[in-house]
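From first to last, the protein sequence lines stand for chains A and B. Just so you know, the working numbering puts 411 at position 49 of the first sequence, and the rest follows in order with no gaps. Just so you know, the working numbering puts 28 at position 27 of the second sequence, and the rest follows in order with no gaps.
Please keep in mind that the hints were generated in silico from the structure rather than gathered at the bench. What you are looking at is a predicted structure, and each value in this text was computed from that prediction instead of being measured. Some clues are possibly wrong.
[Unchecked claim] Here are the simulated lysine to any residue pairs, SDA-like style, with alpha carbons at most 20 Å apart:
| id | chain 1 | residue 1 | chain 2 | residue 2 |
| --- | --- | --- | --- | --- |
| 1 | A | K468 | B | A233 |
| 2 | A | K455 | B | R153 |
| 3 | A | K455 | B | K502 |
| 4 | A | K455 | B | V194 |
| 5 | A | K468 | B | K502 |
| 6 | A | K468 | B | R154 |
| 7 | A | K455 | B | K195 |
| 8 | A | K468 | B | L229 |
| 9 | B | K502 | B | A233 |
| 10 | A | K468 | A | P389 |
| 11 | B | K195 | A | P389 |
| 12 | A | K455 | B | R154 |
| 13 | A | K455 | B | H161 |
[What the hints assert, rightly or not] A few chain A positions that, by computed beta-carbon distances, are all more than 10 Å from chain B:
| id | residue |
| --- | --- |
| 14 | F388 |
| 15 | V390 |
| 16 | V401 |
| 17 | A427 |
| 18 | F448 |
| 19 | G467 |
[Claimed, not checked] Listed next, the stretches of chain A that the computed footprint assigns to chain B, with coverage defined by at least 3 CB atoms under 8 Å from CB atoms of chain B:
| id | stretch |
| --- | --- |
| 20 | 440 to 447 |
| 21 | 450 to 456 |
Just so you know, even glycine gets a beta-carbon here, dropped at the ideal spot from N, CA and C.
One-letter residues, chain by chain:
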Amino acid sequence: MELLIALVIGVLAACGVYLALRARTFPVVLGLTFLSYAVNLFLFAMGRLSVGQPPVIAAKASGYADPVPQALVLTAIVIGFAMTAFVIVLALKARAELGNDHVDGKHEP
Amino acid sequence: MSHWAIAPVLLPWLAGILLLLAGRNHLAWQRGASALSVFVQLGLALALAAEVSEGELLVYALGNWPAPFGIVLVVDRLAAWMLAITAFLALFALLRAIRGEDAAGAHFHSLFQFQLFGLNGAFLTGDLFNLFVFFEILLIASYGLLLHGGGRRRTRSGLHFVTVNLIGSTLFLFAVGALYGVLGTLNMADLAVKIAAAPPENAPLVRAAGLLLFAVFALKAALLPFYLWLPAAYAHASAPVVALFAIMTKVGAYSILRVDCLMFGARAGAASRLLEPWLLPLALATLLAGMAGAMASRHLRQQAAYLVVASVGSLLVAFGLGSAPGIAAGLYYLPHTTFATAALFLLADSIARRRGEMGDRLEPGPTVAGAAWLGGLFLVAAVAVGALPPLSGFVGKFLTLRAALAHPLWPWVMAVVLLAGLIGLIALARTGSLLFYRAIPPENAIAPEQASALAREIAPIVGLLLLGLGLTFAAGPLTDATRATADQLLQPQLYIRAVLKGGGTP
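Construct all of the structure, not just a fragment, from the sequences and the given hints.
Right, dumping it as structure tokens:
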């Protein structure tokens with residue numbers, strides 16, 4: 363499971379970086395989204411991977427999952443969601459005002 | 002436990018929410034409430050600074066959860082110093098904004114207060130993840146403020162600013178996550194303890210996370226490889242906004258200083274002096290690059306933006322020396338450069354408005370109305386930004402150079418700082434003579450401007466420059482205070498003990 367999660371985070375981050383370096387605003391927004399997915403998974407995995415463990419006290423628990431990364435990832439998801447919404451609106455505004463969707467607002471053939 | 006430590010965070014937050022409720026039709030009311038909030042914040046900052054001036058630390062555990070389990074706010078000398086600088090700067094930026102620029106779009110005052118909320122929180126928090134949250138708050142407010150008023154160029158530079166900062170936030174989370182995964186805590190004092198005690202097999206992970214953190218703060222501070230977002234963003238934002246943004250790069254510098262002294266200081270075991278090989282060379286290169294940019298600029302606002310980059314460079318040169326005198330010199334230089342660059346941005350806007358179609362292009366243009374006042378202020382601002390005697394910039398630079406003598410790289414520091422100062426001087430002198438001496442007299446007499454309107458417009462600039470003058474006159478006590486701050490920073494065990502023992506009842 364560790365290898366799978368690590369590969370997923372790596373692939374997401376790589377796709378995110380590649381897309382964020384593109385010259386059009388839509389791939390850039392997608393890239394930022396992928397990056398934030400990667401970091402959310404990464405934060406979650408930092409509490410160590412476990413299956414079926416309660417995060418808070420339970421009578422018959424054999425062990426506990428770390429609740430702190432779960433709280434962190436919730437905060438990060440909320441913030442990332444708000445920022446993505448903002449950057450989408452900004453990209454649309456730029457498309458409307460600059461007349462094209464190039465990140466520098468330039469016309470290209 | 003005194004509750005005053007959280008007041009600078011709560012006040013702008015409440016003020017921002019109330020201002021949202023006020024709606025956009027009550028501008029006079031909004032201006033009054035916003036100004037009142039900033040005045041009270043100034044009072045709070047000064048009161049907290051007086052409270053901690055004897056060297057004790059105020060630790061406020063939210064919800065009375067003891068550290069390291071809960072989030073703590075910590076007021077030490079450095080935090081109080083930064084709060085006071087922010088409040089002074091906000092006061093004058095707001096004075097300029099209520100001259101009419103706040104009416105160019107909705108919710109200026111709410112965004113302004115939320116920006117202050119984020120700034121104050123970032124200076125006060127003692128928790129790394131909480132620092133991330135406050136960074137996000139101040140960033141999302143700054144996105145709104147940057148785009149305030151609209152326009153094509155503002156939208157384009159805003160898009161770059163937002164994208165770069167979102168990637169920075171992602172990297173911040175990676176660094177925080179890695180530190181938590183290795184060390185199991187996010188409280189900065191507890192992190193410092195755990196880093197010092199980290200076993201050698203974890204050292205590479207801790208060092209990688211620490212350097213990632215440094216890269217994020219360098220992005221916020223506009224350090225050399227990461228400063229390219231700044232000139233466009235600052236050159237196109239409206240004047241009061243960019244005056245407030247003069248503190249934004251200093252948040253990055255503050256975070257570098259805090260993390261460097263607390264978590265990666267001399268006693269941090271495997272990660273000790275982690276940033277030392279990077280900080281000073283990068284800061285020197287930033288200083289040169291900023292001054293070269295100022296020299297090559299073809300617009301006054303762009304030049305002012307490059308001077309911000311250079312000022313971050315000279316600030317981090319002082320911090321990068323790593324000694325108590327160096328950090329003290331940097332801390333004295335910090336308010337000076339914040340106020341001086343803010344004044345320069347406000348002045349650039351005032352000049353650009355009076356040059357008709359020429360705007361702020363650095364070419365001989367028509368004579369500026371009110372040239373006597375604006376030219377005189379430009380001279381003072383240039384002396385301040387160029388760190389010439391007799392103003393406080395010179396004191397700061399002199400202290401930096403004197404502290405540099407004890408550093409092994411002192412010839413490099415001397416050479417770069419003095420050369421950069423010379424380049425900056427040439428750039429500013431050329432700008433001044435272009436704008437005011439080589440102006441083309443108009444064919445018709447300039448309509449005399451109403452003296453009272455001009456006076457109200459330049460009042461915030463005069464205020465900011467007078468603050469610089471105050472820094473010069475109070476240089477003795479203030480350098481003593483910054484020296485005490487630097488001593489406190491270089492004894493992280495004081496901070497650690499106060500947080501881990503003082504945060505509520507166990």
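Okay, the hints, checked on the actual structure:
no.: 1; hint: K468(A) to A233(B); in the structure: holds (16 Å)
no.: 2; hint: K455(A) to R153(B); in the structure: holds (9 Å)
no.: 3; hint: K455(A) to K502(B); in the structure: violated (51 Å)
no.: 4; hint: K455(A) to V194(B); in the structure: violated (47 Å)
no.: 5; hint: K468(A) to K502(B); in the structure: violated (58 Å)
no.: 6; hint: K468(A) to R154(B); in the structure: holds (12 Å)
no.: 7; hint: K455(A) to K195(B); in the structure: violated (47 Å)
no.: 8; hint: K468(A) to L229(B); in the structure: holds (18 Å)
no.: 9; hint: K502(B) to A233(B); in the structure: violated (46 Å)
no.: 10; hint: K468(A) to P389(A); in the structure: holds (16 Å)
no.: 11; hint: K195(B) to P389(A); in the structure: violated (40 Å)
no.: 12; hint: K455(A) to R154(B); in the structure: holds (12 Å)
no.: 13; hint: K455(A) to H161(B); in the structure: holds (13 Å)
no.: 14; hint: F388; in the structure: holds (12 Å)
no.: 15; hint: V390; in the structure: violated (6 Å)
no.: 16; hint: V401; in the structure: violated (4 Å)
no.: 17; hint: A427; in the structure: holds (14 Å)
no.: 18; hint: F448; in the structure: violated (6 Å)
no.: 19; hint: G467; in the structure: violated (5 Å)
no.: 20; hint: 440 to 447; in the structure: holds (count 3)
no.: 21; hint: 450 to 456; in the structure: holds (count 4)
Against the hints set out earlier in the document, violations occur for numbers 3, 4, 5, 7, 9, 11, 15, 16, 18, 19.
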